[in-house]
Amino acid sequence: MMTEKKSLREELTGLLGDKLVSLREALGETTIVIRASELPAVMVQLRDAEALRFAQLIDLCGVDYSEYRDWEGRRFAVVYHLLSHVHNRRLRVRVFAEDDDFPVVDSVAGIWPDANWFEREAFDFFGIIFTGHPDLRRILTDYGFVGNPFRKDFPLSGHVEMRYDPEQQRVVYQPVSIEPRVVTPRIIREENFGSN
Amino acid sequence: MPEIKNYTMNFGPQHPAAHGVLRLVLELDGEVVMRADPHIGLLHRATEKLAEHKTYLQSLPYMDRLDYVSMLCNEHAYVQAIEKLAGIDVPIRAQYIRVMFDEVTRLLNHLMWLGAHGLDIGAMTVFLYCFREREDLMDAYEAVSGARMHAAYYRPGGVYRDLPDSMPQYQASKVHNEAAIKRMNANRQGSLLDFLEDFTQRFPKHVDEYETLLTDNRIWKQRTVGIGVLSPERAVALGVTGPMLRGSGVEWDLRKKQPYAVYDRLDFDIPVGVNGDTYDRYLVRVEEMRQSNRIIKQCIDWLRANPGPVITANHKYAPPARESMKQNMEELIHHFKLFTEGMHIAEGEAYAAVEHPKGEFGIYMISDGANKPYRLKIRAPGFVHLSTLDEMARGHMIADVVTIIGTQDIVFGEIDR
Chain A
406 MMTEKKSLRE
416 ELTGLLGDKL
426 VSLREALGET
436 TIVIRASELP
446 AVMVQLRDAE
456 ALRFAQLIDL
466 CGVDYSEYRD
476 WEGRRFAVVY
486 HLLSHVHNRR
496 LRVRVFAEDD
506 DFPVVDSVAG
516 IWPDANWFER
526 EAFDFFGIIF
536 TGHPDLRRIL
546 TDYGFVGNPF
556 RKDFPLSGHV
566 EMRYDPEQQR
576 VVYQPVSIEP
586 RVVTPRIIRE
596 ENFGSN
Chain B
50 MPEIKNYTMN
60 FGPQHPAAHG
70 VLRLVLELDG
80 EVVMRADPHI
90 GLLHRATEKL
100 AEHKTYLQSL
110 PYMDRLDYVS
120 MLCNEHAYVQ
130 AIEKLAGIDV
140 PIRAQYIRVM
150 FDEVTRLLNH
160 LMWLGAHGLD
170 IGAMTVFLYC
180 FREREDLMDA
190 YEAVSGARMH
200 AAYYRPGGVY
210 RDLPDSMPQY
220 QASKVHNEAA
230 IKRMNANRQG
240 SLLDFLEDFT
250 QRFPKHVDEY
260 ETLLTDNRIW
270 KQRTVGIGVL
280 SPERAVALGV
290 TGPMLRGSGV
300 EWDLRKKQPY
310 AVYDRLDFDI
320 PVGVNGDTYD
330 RYLVRVEEMR
340 QSNRIIKQCI
350 DWLRANPGPV
360 ITANHKYAPP
370 ARESMKQNME
380 ELIHHFKLFT
390 EGMHIAEGEA
400 YAAVEHPKGE
410 FGIYMISDGA
420 NKPYRLKIRA
430 PGFVHLSTLD
440 EMARGHMIAD
450 VVTIIGTQDI
460 VFGEIDR
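Protein sequences appear in the order of chains A and B. So the numbering used here is basically just the index in the first sequence, starting at one, shifted up by 405. So the numbering used here is basically just the index in the second sequence, starting at one, shifted up by 49.
Hints are computed from structural coordinates only; laboratory data are not their basis. As the structure is a computational prediction, the values presented were derived from the model and not from experiment. Be aware that a few hints might be false.
The following residues of chain B were derived to be distant from chain A, with all beta-carbon distances above 10 Å [stated by the list, open to error]:
1. A192
2. I230
3. K231
4. W269
5. R339
6. P368
A short, non-exhaustive set of chain B residues, derived as facing chain A with CB atoms under 10 Å [what the hints assert, rightly or not]:
7. H88
8. K306
9. G397
10. E398
11. A402
12. N420
13. F432
14. V433
Straight-line alpha carbon distances no greater than 25 Å define the calculated PhoX-like cross-link-like pairs of lysine-lysine that follow [as the list claims (entries may be wrong)]:
15. B:K386 x B:K103
16. B:K375 x B:K365
17. B:K98 x A:K557
18. B:K103 x A:K557
19. B:K305 x B:K346
20. B:K231 x B:K254
We put the CB at the ideal spot given by N, CA and C, even for glycine.
Please work from the sequences and hints to get the whole structure.
Listed below in structure tokens is the structure:
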């Protein structure tokens with residue numbers, strides 16, 4: 406198992422060269438970071454190179470790093486989880502969108518067809534634009550929804566609520582009436598807290 | 050000859066064969082589907098967002114409500130992600146209990162699927178048969194967790210408690226007299242393991258009954274053979290996993306290929322299809338039920354012979370025993386901190402996947418060291434499967450769309466999350 410992982414690292418560094426921004430191995434998982442501009446080319450290599458053969462895109466998701474601890478980097482990332490049946494290996498690829506206000510990443514729907522819906526989901530939840538996507542529509546939120554609900558600055562209770570208005574005899578939207586509250590605060594302890 | 054244009058039709062969201070709240074916009078040429086556009090999200094509850102605002106333990110019951118016919122498998126992926134990130138060791142007995150209940154869950158899921166799929170394409174009886182067996186399995190859920198469906202039984206570091214020594218009994222009522230009650234309670238005299246063992250003895254015969262009804266049934270074959278064919282290459286490219294992938298002839302099962310828990314110690318086979326059509330996927334799932342039964346049997350034997358702890362002794366992640374908490378200040382503090390502030394998970398990211406009855410169910414978790422996940426992504430197999438519907442349904446009749454939805458084993462709890 407260890408030798409296998411080592412060879413994945415070697416193959417990735419050998420194949421991608423300076424296209425590889427960073428490579429990290431932790432918890433038995435390999436994560437690479439690549440540049441948004443080189444994304445489609447690298448992804449095709451990962452899929453087709455004989456030593457890698459990541460034929461299946463298992464997952465694709467957006468991440469908003471704006472409230473992450475002491476984060477100094479780009480705000481939006483897209484994380485791909487790849488699986489190779491031939492070599493029985495997994496790989497995580499992370500790519501950061503260059504512009505925080507208008508995040509754009511190239512689509513991989515032409516490389517793995519299942520990216521189509523995953524990218525629609527990331528577009529819906531984070532507002533990440535995937536250029537070259539055949540049909541970039543919202544997918545999980547309501548028809549006519551405004552905003553990107555999984556961004557960290559979007560409140561948990563949302564902005565609008567829906568009710569039936571008996572006078573107009575239809576469903577209407579109105580600003581939320583519930584107060585936002587925090588039951589358990591988010592706490593980050595210092596290193597080794599309470600370990601002695 | 051007049052020119053006939055394609056027309057669009059709404060299928061659902063309140064259609065009984067849509068398996069929940071699927072709105073499907075079908076573009077039809079006569080009765081032939083030219084394009085299918087599923088509109089999903091009618092059951093969207095933003096589980097991932099909610100989890101970012103709750104402690105790790107508080108989010109656990111949400112997992113039951115994702116794929117609400119295979120509850121404990123969802124939980125298994127979730128607790129595995131936490132355990133991987135935090136480096137928690139799980140006692141071996143807890144792992145066997147988890148595997149046993151994962152397989153019970155697989156039976157629950159496949160029975161539900163078989164019943165509903167049969168009902169969708171015109172076989173009424175099999176539904177009643179399947180629900181008869183589901184009842185016993187739900188009783189097993191209830192005995193161990195107190196809930197028939199939403200068990201919330203797994204915990205980071207183990208399971209909530211050990212298996213019970215007695216089964217709940219039926220009580221005499223207006224509709225059942227003493228003799229009937231005695232008969233109904235006959236297999237409930239011993240422990241949960243005895244009850245499940247009795248079930249595993251009976252179950253293969255029940256599977257034979259379903260097969261008698263369906264496998265060689267002419268109508269069943271007419272409705273399923275050659276419908277929704279996926280070639281192996283196409284299935285891989287489309288991201289299809291689980292029985293859908295194996296039905297196309299790709300031998301890929303995480304329980305064998307990337308074993309988690311104690312699957313590498315158990316003896317079972319992976320059924321694989323040949324043609325990749327609806328009928329092959331049916332055969333694969335039926336055989337999986339027989340294999341699950343085998344796994345449950347092996348787990349029962351092991352669990353009988355090997356008592357031991359079922360949850361980790363690391364009280365940073367699992368609560369201390371009630372008794373010691375009453376006598377020991379340290380443990381009282383642990384208990385208090387665990388249930389107010391919650392556990393802290395080391396900074397990092399992890400992806401944990403299980404072979405869920407529907408496919409690969411994964412949890413991708415990013416922690417920044419807080420008492421809540423920074424980001425939780427649920428990789429739901431059904432989401433990917435439904436995205437292939439357009440390709441699978443093209444060129445088929447409207448009635449076959451129902452078959453294809455059935456064979457994909459769609460549950461909206463996990464697709465919409």
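Hint numbers contradicted by this structure: The structure conflicts with no hint, since it agrees with every one listed earlier.
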